[in-house]
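Enquirer: Those protein sequence lines, which keep their order, are chains H and S.
Following our numbering, the numbering of the first sequence begins with 5 at its first residue and continues without gaps.
Following our numbering, the numbering of the second sequence begins with 31 at its first residue and continues without gaps.
Hints in this document: simulated from the structure, not taken from any laboratory.
Note that CB positions come from ideal geometry on N, CA and C, so glycine has one too.
Worth double-checking, as some hints may not be accurate.
Pair by pair, the computed Cβ-Cβ distance ranges are [claimed, not checked]:
no., chain 1, residue 1, chain 2, residue 2, range
1, S, N354, H, L418, 31 to 41 Å
2, H, V427, S, T76, 47 to 57 Å
3, S, V54, H, A415, 51 to 61 Å
4, H, W419, S, N398, 51 to 61 Å
5, S, P254, H, A424, 17 to 27 Å
6, H, F95, S, V54, 56 to 66 Å
7, S, D90, H, A415, 55 to 65 Å
8, S, D90, H, I286, 34 to 44 Å
9, S, L46, H, I7, 31 to 41 Å
10, S, G345, H, A424, 16 to 26 Å
11, S, N354, H, I286, 49 to 59 Å
12, S, S62, H, A415, 15 to 25 Å
Chain H stretches covered by chain S per the calculated footprint, using a threshold of three residues with CB under 8 Å from any CB of chain S [claimed, not checked]:
no., segment
13, 49–59
14, 304–313
15, 347–356
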Amino acid sequence: MEIELIILLTMLGVFLAGNFLLKLPVSLSMVLGAVAGALVAGEGFPLRHFFEGTFVYVDTVLIIASAMVFMTVIEASGALNALNAAIVHRFHRMPALMLVLLMLMVMFPGMVTGSSTAAVLSSGALVAPVFLMLGIPKAKVGAILALGAIMGMAAPPVNIPAMLIAGGVDMPYIGFEGPLLLLTIPSAIVTVLALGYRYARKMDHQKVLASLDTTIGKQYGVKIYLPLILLVVLLVLTRAFPSVVPNLGMPLIFLICSVVAMFTGRKFNALTTVRDAIHTTIPVLGKLMGVGMFIQVMTLTGVRGYIVINCLSLGPVLLYLAICLAMPAFGAVSSYGAASVLGVPFLLALLATGNQIVIAAALSFICSLGDLMPPTALAGNYAARIVELKYSRVLVHCIAPFVLMVLFGLALLLWPNTFAFLV
Amino acid sequence: MQLITRHNRTWAAVLLVLTALVCVLLAQQFLSMRVEEPIYPGPGVTEQRMLSDWFPGIKDTAADTPVYVLQGEQPGNSMLVLGGTHPNEPAGQLSAVLLIENAQLSVGTLYVIPRTNNSAFTTTDPQEGAPMRFTIDTPNGERWFRFGSRATNPVHQWPDPEIYVHASSGQRLSGSETRNINRSYPGRPDGTLTEKASYAIAEMIRKENIDITIDLHEASPEYPTINAVVAHEDAMELASWALLNMQMEGMDIMLEPSPKNLHGLTHRELGDFTDTYAVLMETANASQGRLRGRTNEALVVEGKDKFYVRAAQYGRLYVPFDENGHPLNERVARHVTGILQFAQAYNDLGLGAIAIDNMPTFTQINENGVGAYLNAPGE
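Throw the hints in and build the complete structure from the sequences for me.
Expert: Below you can see the structure in the form of structure tokens.
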């Protein structure tokens with residue numbers, strides 16, 4: 005048995021023992037796994053590496069924390085209730101159309117930011133109550149939000165895994181729109197209809213309309229939507245006109261909109277609300293730190309290379325299987341990490357098989373699905389938190405769409421030239 | 031209840047003290063990356079300047095970096111060598127240091143920047159598990175060098191946008207590339223710190239009328255552009271001639287044209303925005319690859335890796351890779367030979383005159399090691 009395999013098994017074993025036997029949080033269990041890995045590899049206690057690994061997620065942590073504040077604040081201001089009432093009132097006679105529009109709303113922040121977390125925590129949180137009002141069970145709503153956010157992250161114009169893969173082989177990020185739209189839009193529509201249509205179709209219109217709280221909307225009018233409008237405007241402007249509008253960054257945009265929300269709706273205690281938001285999100289932020297430490301030790305000790313070389317050592321059939329399994333699985337660490345560490349070598353291995361842009365787009369699509377993979381599961385965990393369920397219950401409903409999406413991506417990998425007209 | 035509260039407070043205090051202690055220890059380690067490795071200029075160096083001399087906008091910033099000038103005995107043409115564009119590609123910096131410590135010019139002028147992205151030398155990339163330093167044995171003891179990051183230190187330029195839009199072309203790349211100096215050319219005087227640094231280099235080329243610019247890089251063995259020269263279309267004839275000479279010296283190397291739709295790189299933008307012949311050279315560096323095994327100083331210097339040997343057997347690489355790997359000696363020898371052959375080709379083609387003397391040959395560096403040509407303090 006190779007030493008790298010021994011180290012990997014040790015790291016996983018200690019992580020699982022810490023999490024399940026000692027009932028420690030995932031974050032601390034990952035730290036223990038990383039420490040054990042370093043010790044077994046003969047690296048001693050490399051404090052610098054433990055610390056450095058966590059830093060890859062600093063920007064993500066800031067985005068999540070600020071998005072969480074925004075979500076909590078607009079809920080407290082009443083904007084969430086007002087928006088839901090307006091949507092249901094307008095579209096309740098066309099459930100299929102309403103579902104598709106809601107799904108596109110979930111996707112939108114992901115499309116402009118490239119982040120499934122931003123999508124699920126902003127528009128995902130906004131429309132979740134509407135899905136629930138339609139009678140869709142909580143677990144399925146969680147699955148819709150998670151998958152919608154991931155489709156948004158993978159959809160153009162901004163697909164960061166695709167950029168990372170393309171950048172790894174010095175391929176310009178040009179021509180990806182067609183293949184990515186083909187992969188994401190039908191997948192999102194099928195997902196939302198498959199998971200939600202039978203409930204939405206049977207919706208009791210009168211009951212739902214009666215349950216809507218329309219008083220907030222009437223009391224504050226358009227003013228209550230200002231934070232949401234500002235969010236969309238800032239996200240779009242900073243990306244559409246980067247040379248004119250300075251890049252504010254997502255954390256600042258979320259915080260600006262949160263401050264605006266304090267003056268546009270119901271009064272609330274800002275300090276308590278922000279403290280609750282941060283308190284809620286700390287376990288996930290801890291997970292990210294733990295994962296960062298874990299992967300740094302994997303790289304330091306050669307375990308990362310061991311995984312990559314074993315994937316690349318497979319024959320053509322098994323190589324495709326490895327792409328479908330290993331890349332989403334690596335999402336347990338990070339989908340961006342999967343794109344960089346596995347996506348680039350896989351693209352290089354497939355370069356000769358057909359249109360490179362179609363292949364890179366399909367790889368990035370499969371990579372993005374890694375945001376469902378526990379323990380990190382950024383999109384999944386936050387979707388579950390929004391519907392107040394454990395992630396395992398949401399994950400069950402993600403499995404079938406996940407498999408179909410992977411197969412869809414695989415089809416483009418197998419026949420890249422057939423889809424080359426999209427480039 | 032009181033007991034529990036007191037207990038928790040004690041734990042919290044202990045954890046805070048431990049955290050403070052860890053912070054102090056780590057700060058010392060990370061700040062040590064700001065100490066520059068010593069370079070001992072040889073007799074050929076006639077002047078040492080700073081890059082900010084050509085663009086004061088970077089003066090007193092982490093982007094400012096030394097420029098070594100080797101003025102020849104007779105006037106002639108000029109060449110600029112960029113080492114340390116990516117400090118995780120150490121053959122580039124080390125080749126530049128070898129020039130500074132050995133080269134003497136009889137004709138023309140040589141400008142050498144050993145730390146092109148100076149800020150990137152002060153940090154390492156998270157999740158890469160890289161060593162902070164590596165050492166080279168010399169007849170007079172060990173010399174140490176930093177193994178830095180591919181990109182500008184986030185302490186000096188942060189935060190990254192989600193998308194990096196290249197200023198002059200509008201090309202979009204992932205946000206982290208905003209700190210990659212070799213995606214920022216020709217730079218902007220009012221841009222980011224990285225863009226200002228690349229602008230300063232472009233300004234230097236324009237103001238000094240530098241005829242040839244060679245940017246030294248390394249690539250992971252699974253990357254297609256490897257053991258290669260990438261040349262701007264204006265420099266293709268020069269590069270072809272130099273390549274033939276390199277091959278005659280026993281180097282296996284290929285020539286690639288600079289893609290016209292890939293922006294921000296030296297071989298594209300310096301060729302387009304200045305009058306220099308812009309070329310870039312790549313060698314095979316396992317310590318920056320995704321397939322590598324244990325990441326440590328030995329991998330950086332010796333370049334041996336069992337997983338890359340296996341990858342070569344599977345046909346997954348673009349460069350031969352056996353148990354001997356690709357040591358730093360070989361990689362530096364390739365770069366140094368390339369530089370000398372570009373000067374020679376420039377003369378041979380009748381484009382001008384530049385003569386770089388007193389440099390070890392490809393065979394000498396391979397046989398004696400880089401350390402044999404590094405100076406001792408005071409030498």
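Enquirer: Taking the hints in turn, state whether each one holds.
Expert: Each hint, compared with the structure:
no.	hint	result
1	S:N354 x H:L418: 31 to 41 Å	38 Å, holds
2	H:V427 x S:T76: 47 to 57 Å	53 Å, holds
3	S:V54 x H:A415: 51 to 61 Å	55 Å, holds
4	H:W419 x S:N398: 51 to 61 Å	54 Å, holds
5	S:P254 x H:A424: 17 to 27 Å	20 Å, holds
6	H:F95 x S:V54: 56 to 66 Å	59 Å, holds
7	S:D90 x H:A415: 55 to 65 Å	56 Å, holds
8	S:D90 x H:I286: 34 to 44 Å	39 Å, holds
9	S:L46 x H:I7: 31 to 41 Å	38 Å, holds
10	S:G345 x H:A424: 16 to 26 Å	25 Å, holds
11	S:N354 x H:I286: 49 to 59 Å	50 Å, holds
12	S:S62 x H:A415: 15 to 25 Å	52 Å, violated
13	49–59	holds (count 8)
14	304–313	holds (count 8)
15	347–356	holds (count 5)
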